[in-house]
Each structure stands twice: as structure tokens, then as C-alpha cells.
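Engineer: Protein chains in written order, with our numbering: chain A, 1 to 87; chain B, 88 to 174; chain C, 175 to 325; chain D, 326 to 476.
Calculated directly from the structure, the hints in this document are not laboratory data. There's no promise every hint is true.
As the list claims (entries may be wrong) - Simulated pairs of lysine to any residue, SDA-like, Cα-Cα distance not exceeding 25 Å: (1) Lys-67/A / Asp-348/D; (2) Lys-452/D / Asp-29/A; (3) Lys-403/D / Lys-452/D; (4) Lys-452/D / Phe-80/A.
Unchecked claim - A few chain C residues facing chain D, derived, Cβ under 7 Å: (5) Gln-184; (6) Phe-186; (7) Val-188; (8) Thr-202; (9) Ala-206; (10) Phe-208; (11) Gly-210; (12) Arg-261; (13) Leu-262; (14) Ala-263; (15) Leu-264; (16) Trp-324.
To be verified - Computed footprint of chain B on chain C, listed as stretches where at least three residues anywhere in the stretch have a Cβ under 8 Å from a Cβ of chain B: (17) 272-286; (18) 292-306.
Just so you know, even glycine gets a beta-carbon here, dropped at the ideal spot from N, CA and C.
Listed here are the chains, written in short residue letters.
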Amino acid sequence: MADDTTLTVRFFARLREELQTDTLTLPLDTPTTAGQLLSTLAQKGGPWAQLAGGQPVMIAVNQAMAKPDTPLNGGDEVAFFPPVTGG
Amino acid sequence: MADDTTLTVRFFARLREELQTDTLTLPLDTPTTAGQLLSTLAQKGGPWAQLAGGQPVMIAVNQAMAKPDTPLNGGDEVAFFPPVTGG
Amino acid sequence: MNYSVSVQHQDFDVAEEYQALRDSGAGTGAIATFTGLVRDSGDLQGVTGLFLEHYPGMTEQVVTGLIAEASTRWDVRKARVVHRVGRLALCDQIVFVGVCSAHRGDAFAACAFIMDALKTSAPFWKKELSGEEEHWVGQRDSDLARHRDWE
Amino acid sequence: MNYSVSVQHQDFDVAEEYQALRDSGAGTGAIATFTGLVRDSGDLQGVTGLFLEHYPGMTEQVVTGLIAEASTRWDVRKARVVHRVGRLALCDQIVFVGVCSAHRGDAFAACAFIMDALKTSAPFWKKELSGEEEHWVGQRDSDLARHRDWE
């Protein structure tokens with residue numbers, strides 16, 4: 001459950017499968033950005049390392065497209081996913 | 088009934104109504120063109136005069152779009168009509 | 175390439191037309207359709223109906239030629255054109271154009287091309303009816319320009 | 326402007342969608358529709374089905390935004406988008422986009438714009454299935470280029 005001191009992080013499609021994770025709830029101690037969060041997650045190693053480079057990762061913050069320098073606030077929902085391919 | 092010595096001449100839409108004619112069968116004595124036929128018909132006067140100028144008249148010969156200099160042969164079907172407005 | 179053209183007095187059923195287009199093989203990824211309806215304003219305001227006339231025989235040849243031209247320019251797996259003639263009421267269906275292609279770009283382009291080209295080269299004429307008033311519709315410069323844009 | 330967006334597992338009925346679009350008032354002269362189907366070849370050959378995933382909540386917002394953008398650029402009297410998710414078989418319907426306008430140019434443009442923009446900005450992901458094989462589809466440069474062409 002997201003509140004003012006946590007972030008909800010969601011993964012979709014190939015990323016969801018490779019990270020074997022669809023949702024994480026993380027404490028938000030200090031101001032950060034979507035890009036910094038990606039770097040932090042990449043340090044978990046294994047399949048998480050791909051978040052630091054390689055295949056492109058798209059970012060949404062509160063269900064709107066965002067960029068690596070988009071600031072994150074407590075309670076935000078952040079999502080990481082591959083380029084979209086619907087239709 | 089068209090045969091080798093006659094032309095069938097058809098009129099459509101506004102022209103058909105104003106000329107009060109949908110089909111004419113004319114003898115074809117000498118080689119002619121669609122444009123010459125238009126001039127000849129315009130000489131009938133009254134509403135026929137419009138065929139010599141004024142509003143644009145489109146021409147088809149044997150059911151394909153044609154031009155004033157398209158030659159006419161015995162047995163041909165010639166049609167005169169206003170610009171098309173379907174769809 | 176599979177195609178069919180009908181000019182008819184009776185109404186058409188878009189559901190049936192669409193089902194026939196869907197039955198065009200597993201290579202079809204895209205179906206684009208267009209339907210034209212009788213609107214309440216054209217050259218006249220307060221249009222209550224239309225009367226449509228055509229040149230039987232020539233119409234079918236011209237429309238078949240437009241479909242053939244579209245299929246040389248784009249991937250067209252199946253194409254269908256239905257055009258009504260006679261007296262139509264407000265909101266009635268006038269024309270249907272449907273195209274199946276492998277990809278959406280081809281389906282949209284071929285469908286729009288056939289419709290635009292039909293407007294300026296198929297021998298149909300439209301008379302607007304508004305109460306007692308009747309008015310043969312004039313050709314629109316915008317229609318000629320849309321057709322030229324495909325050249 | 327009247328619009329509606331659905332993301333659903335179940336199939337949709339183009340006949341029903343078309344009837345709802347027709348019911349858009351006597352000012353509508355043109356209805357353009359697009360339907361996407363599961364094709365037998367994509368990144369893989371011999372595709373037997375697809376699995377489609379989306380981001381619930383964000384998808385609806387993005388697609389609604391695309392319809393709103395289309396309606397600032399063209400006359401849009403009614404617009405409808407249906408997109409399926411989950412497991413789909415060969416030849417199944419994937420997506421429907423329908424637009425009503427006064428004129429055909431606006432209907433075609435708005436319908437094609439919504440479809441092209443959806444492909445590159447709505448959070449849907451497609452996995453191709455071919456027998457035992459599974460493959461997440463990559464974004465196509467041609468799709469990005471088609472979306473940029475509208476800018």
C-alpha cells in the first residue's frame with residue numbers, strides 16, 4: 001500500500017518476466033529521480049543489471065510517460081517497461 | 088439500337104433533366120470527334136446551347152472518360168454529363 | 175487480389191461486408207473501412223434527402239479500375255465497394271469502401287485512395303433535396319485537390 | 326465530442342461498434358474504422374497466436390488523450406477504441422478504432438492518427454506465440470516513423 005513515505009514500482013512485459021517481479025514497494029528516504037531509482041535497482045545484479053543500460057527502458061510516473069530526470073515523490077507509482085507494441 | 092452507322096448519345100443528371108433527353112440515336116455520316124458532336128448538338132438552341140460553353144461538360148466514349156478531340160466511330164456510345172459528385 | 179463492386183438501390187449491411195472482408199486469409203492484419211452517410215448540410219442547409227444517379231456499366235468499370243490501381247500501389251488482399259443510387263433519406267448509408275491488407279498503412283491508404291478517386295472519377299451524381307427544393311450538387315475543388323494529392 | 330475506450334479480454338463485435346458510431350447525429354457524413362487482426366507472420370513466421378499485456382489505468386488515460394488530441398486537430402463527432410488483452414488466436418480481432426466526422430478527410434485522418442499514435446504511446450505489449458516458441462515483439466522503426474509523420 002503506497003503512502004507518503006513509499007514508492008510503488010511496477011514492471012511490465014519482458015521486464016516483468018525477466019525480473020520475476022510485477023510490483024515492488026520501496027521506502028523513499030531522500031528525494032530522487034526515476035533515473036536514479038533505475039540505477040539503484042540495477043545494483044541488485046543478475047537480470048536487474050539490464051536496467052542500467054542495454055535494452056531501452058521506458059518510464060511512467062503516476063501513469064504518465066516520464067523521463068530519467070522526472071523527480072519522484074512519496075506515494076508515487078513508478079513503472080518501467082520495454083517500448084510499447086500494441087495495436 | 089446502335090449499329091455501324093449510328094452513334095448512341097446519352098445524357099445524365101442535370102443535363103439529362105435540362106435537355107429532357109436521356110438517349111439520342113444519331114446517324115454518323117462523316118468522321119467526327121466528341122467535341123464536334125457537342126457543337127452540333129448545341130446548335131439545336133434552347134437548353135442545348137449550354138453544350139457549347141458555360142458549365143463544364145464531361146465526356147465518355149464507350150464508357151471510358153474521353154476528351155473533345157476523341158474520335159467517334161460508328162456504333163460508339165457517347166455520353167455527356169456534369170462533373171461527377173458521388174460518394 | 176479478391177474484389178467486388180456493387181451499385182444498388184437497396185441498403186447495405188456493414189456487418190455483412192465486414193465479415194466478408196475478415197474472411198480474407200491469415201495474412202490479413204488490417205481492415206480499413208469507410209462509410210458515407212447522408213448529412214443534414216451540403217450545398218444546401220436542412221438537407222432532408224438525396225437522389226443519386228449513375229451511369230450503369232461505366233460506373234462498375236471505373237470503380238474496378240480504381241481498385242486495380244490501388245492494388246498496384248499498396249498491398250490489397252481484398253477490396254469491396256458498395257454504392258447506392260436512387261432516393262436516400264437523411265442519415266442513410268450512401269457508400270462503403272473496405273480494404274484488407276497485411277499492414278495498416280496499406281489498408282488506410284488504399285481505402286482513402288479508392289474513396290477520394292471515386293468522388294472525382296466515378297460517374298455518380300448527387301441531387302440534394304431540402305423540402306420542396308432540389309439542387310444538383312456541384313463538384314468541389316477540395317475533392318479534386320484530394321484526388322490530385324494521390325498522383 | 327462523444328468518445329469511449331475499452332480494454333478487455335473478450336472479443337468485440339464490429340457490427341455493434343459500427344451501429345453505435347452511426348448513432349452520432351445528422352451532422353455525421355463519414356465513418357472511418359480500422360480493425361487489427363492476428364496475422365500469421367510478424368517478427369516470427371508461422372505465428373499461431375499472441376499474448377497481449379497492458380498497464381491498466383495508464384492505457385485508458387493515454388488512449389483518451391490521443392482521442393482528445395485528434396479532436397483538436399480534426400472534426401471528430403464520436404470516437405471509439407476497443408483493444409483486447411490476454412491470449413489471442415490466429416485471425417482474432419485485436420483492436421478497433423472508429424471515428425465519425427462531418428467529412429471523410431477528417432474521419433480518415435483522425436482514425437489513422439489514433440491508431441498510429443496508439444502503437445507507439447499506449448502501454449500495450451505483444452508476445453508472439455509460434456508453437457512452443459514465445460517472443461516479445463520489438464518496437465518497429467516504421468511505427469515510430471508513422472507517428473512522427475503526424476507531428
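Engineer: Starting from the hint list further up, note which numbers the structure goes against and sort them upward.
Structural biologist: 1, 2, 3, 5, 6, 12, 13, 14, 16 and 17
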